[in-house]
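*Asks:* Produce the entire structure from the sequences given, and follow the hints as far as they go.
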Amino acid sequence: MTDLVMLLTVFVLAIFVGFEVITKVPPTLHTPLMSGSNAISGITIIGALILAGAIDSPEISKILATVAVALAAINVVGGFLVTNRMLKMFSARKK
Amino acid sequence: MLSQHIVNIVYLVAAVLFILDLKWMAHPRTAVRGNRAGALGMALAIAVTLLSDRYDWSYILIGVAVGSVIGAVAAMRVKMTSMPELVGLFNGFGGAASVLVAGSAIIAAVASPTADTGLQMRIATVASAFIGSITFFGSYVAFGKLGEFLAVKWKLYTWQKAIKYGFSLAVAAGAVAYAVMVMDAGWPAYAIAGCGLLIAGVLLIKKERFPGMDALKIGSAVASIGMAVLVVMQPENTALFWLLVVVAGVLGVILTLSIGGADMPVVIALLNSYSGLAAAATGFVIDNNVLIIAGSLVGASGIILTNIMCKAMNRSLVNVLFGTMGPTADTPDADDVYRSVKSTSADEVAMLLDGAQRVVIIPGYGMAVAQAQHAVRDLANQLEARGANVEYAIHPVAGRMPGHMNVLLAEADVPYEALVEMDDINPTMAQVDVAIVVGANDVVNPVARTDPQSPIAGMPIIDVDKARTVVVIKRSLSPGFAGIPNPLFAADNTLMFFEDAKKAILDLVGAVKEL
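Quick mapping for you: the protein sequence lines, in order, are chains V and Y. Residue 1018 is where the first sequence starts when you use the working numbering, and the numbers rise one by one after that. Residue 10 is where the second sequence starts when you use the working numbering, and the numbers rise one by one after that.
Hints are computed from structural coordinates only; laboratory data are not their basis. Wrong hints could be hidden among the right ones.
Taking CB as the label site, the calculated pair distances span [as the list claims (entries may be wrong)]:
1) V:Leu1030 to Y:Ala427: 35 to 43 Å
2) Y:Ala179 to V:Leu1030: 22 to 30 Å
3) V:Leu1030 to Y:Tyr347: 50 to 58 Å
4) Y:Met242 to V:Leu1025: 18 to 26 Å
5) Y:Gln366 to V:Leu1030: 46 to 54 Å
6) V:Leu1025 to Y:Ala466: 19 to 27 Å
7) V:Phe1033 to Y:Tyr347: 38 to 46 Å
8) Y:Gly127 to V:Leu1030: 20 to 28 Å
Straight-line C-alpha distance at most 20 Å; calculated SDA-like pairs for lysine to any residue [as the list claims (entries may be wrong)]:
9) Y:Lys320 to V:Glu1037
10) Y:Lys32 to V:Pro1044
11) V:Lys1105 to Y:Pro424
12) Y:Lys32 to V:Pro1075
13) V:Lys1105 to Y:Lys88
14) V:Lys1041 to Y:Lys522
15) V:Lys1105 to Y:Ala83
16) Y:Lys522 to Y:Asn398
17) Y:Lys88 to V:Ser1108
18) V:Lys1105 to Y:Val41
19) V:Lys1041 to Y:Ala35
20) V:Lys1041 to Y:Leu29
21) Y:Lys88 to Y:Lys522
22) V:Lys1105 to Y:Met85
23) V:Lys1041 to Y:Tyr425
24) V:Lys1105 to Y:Ser91
25) V:Lys1105 to Y:Asn398
26) V:Lys1105 to Y:Met222
27) V:Lys1105 to Y:Ala427
28) Y:Lys512 to Y:Thr90
29) V:Lys1105 to Y:Trp33
30) Y:Lys32 to V:Val1034
If you want the footprint, here are the derived chain V segments under chain Y, 3+ residues with CB under 8 Å [said to hold, decoys possible]:
31) 1020 to 1027
32) 1035 to 1044
33) 1047 to 1054
34) 1067 to 1075
35) 1084 to 1096
36) 1100 to 1107
A virtual CB, placed ideally from N, CA and C, is assigned to each residue, including glycine.
*Replies:* And the structure:
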């Protein structure tokens, strides 16, 4: 159970860090914040990769994980790219 | 193969990079760097995961290739006006990925003789499936409402029909096919088929609200809890797991369906938060810190945005999720309110702008729909060349997602210093010579200040009515999302310019040039 307590500790502390950091984001950047945080939530891809590549798992487990890999990859790749596209518009005002 | 210690240290570096990403988002100058830091963190986490063990690469490569191509194409091609739809869709993918990872993990764990399905894993699997499924189905509904093909009565385009009927058909067929496969499981099989058909059917209804909705909401919430307990008790029965997923799906659909268009910024922010929490729950399933940290950062971000949006509409979250926003019984009659409306033309407004020192532009969803942001920027440039000071007043819930207007104006090269927040512009509104409202309605309705009985009473608004002259560009006098008339349109200092936002602004640009 100590493992679980460790994970819970990390969870709670990370939420506090999140609150502290994100309160400082100005409304102008709220849309890129959302798409950027969306890309970060694509971190599920780590779990999906481990399960999709597991050597001795049942086939069905691997197939489900593969679909998850694809969906999470859409989030990661699409999320970071579209955020970059938007943020460049905000900084590209040197005429 | 890397040792687990090295893997964990790299995960820690990735987590720090995610935090820096969000920290650098605090200013437009550093935000690009922040986003790159986040992408680097993600790349490191993925790379170290793939180097940490021996894998069967065939599935991994297929998944990564398909997802990366779709993601890249979507990111490059999406129009800035469609950002709410894209973010809504991405939220849903995150939720679905969490459900599938949880399902895959529990199947693998049950099948393996060595892996243990401890209480932590079971509870985390249930949480991941529950939150993930609500996120997925809720996001689909949000996407459908933003794309204006769900819960509407009008005729749909072919692509809208394809998505609407295709999705319903897929859910129904998938649920029934699975139920037939697991017929031996007994009642859960029937229940899965039933829930699938229910979701498919509800999504075809052409109204936001229908009788029995509240019962369905409570029923699916209670059933979800019951199923969650059953899955924890019998993880080896996968039919129960999928039943939990579809029951939570019913809840996700109903919760989002009843929320009106005006509340979309809240919904998108809330689903963003859920997608993060689902990822964090997945972290508990596979005992992985980086998932927990990244997931909770996103969860916190979504909750903060949700809260800001709720405040900007003077509504509680509970009220958004369960309440309605519509005309109350004693809403004044539109004909009475609009008796003294004055209509104007491009030439007249141009003359007015000729002598104006200080001009404020108030954009709303109408500007997004008409794609008028570039024309608006041209007009502002013209006026500035003639010596006027032009600013943009941004209401927090203008548009369909937090920061929607800011992105559109940034796309049109409007410097972000020219965008002023509601609280900063309101005290100086009386010194404004001309306020130009482009496709906004409820967020400039003075009734919010004056009539405590109104459905928008107490909602913070941009006080354009205090400006010396107000020009409202709007196609007609039709009400906004709140469904109430706006006395601003008939005020003594208001001129109505009835035209599509883009055409109106282009005409104005032409008229100002000829002065």
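*Asks:* Hints numbered earlier in the text: which of these fail when held up against the supplied structure?
*Replies:* Violated: hints 2, 6, 7, 12, 14, 21, 25, 26.
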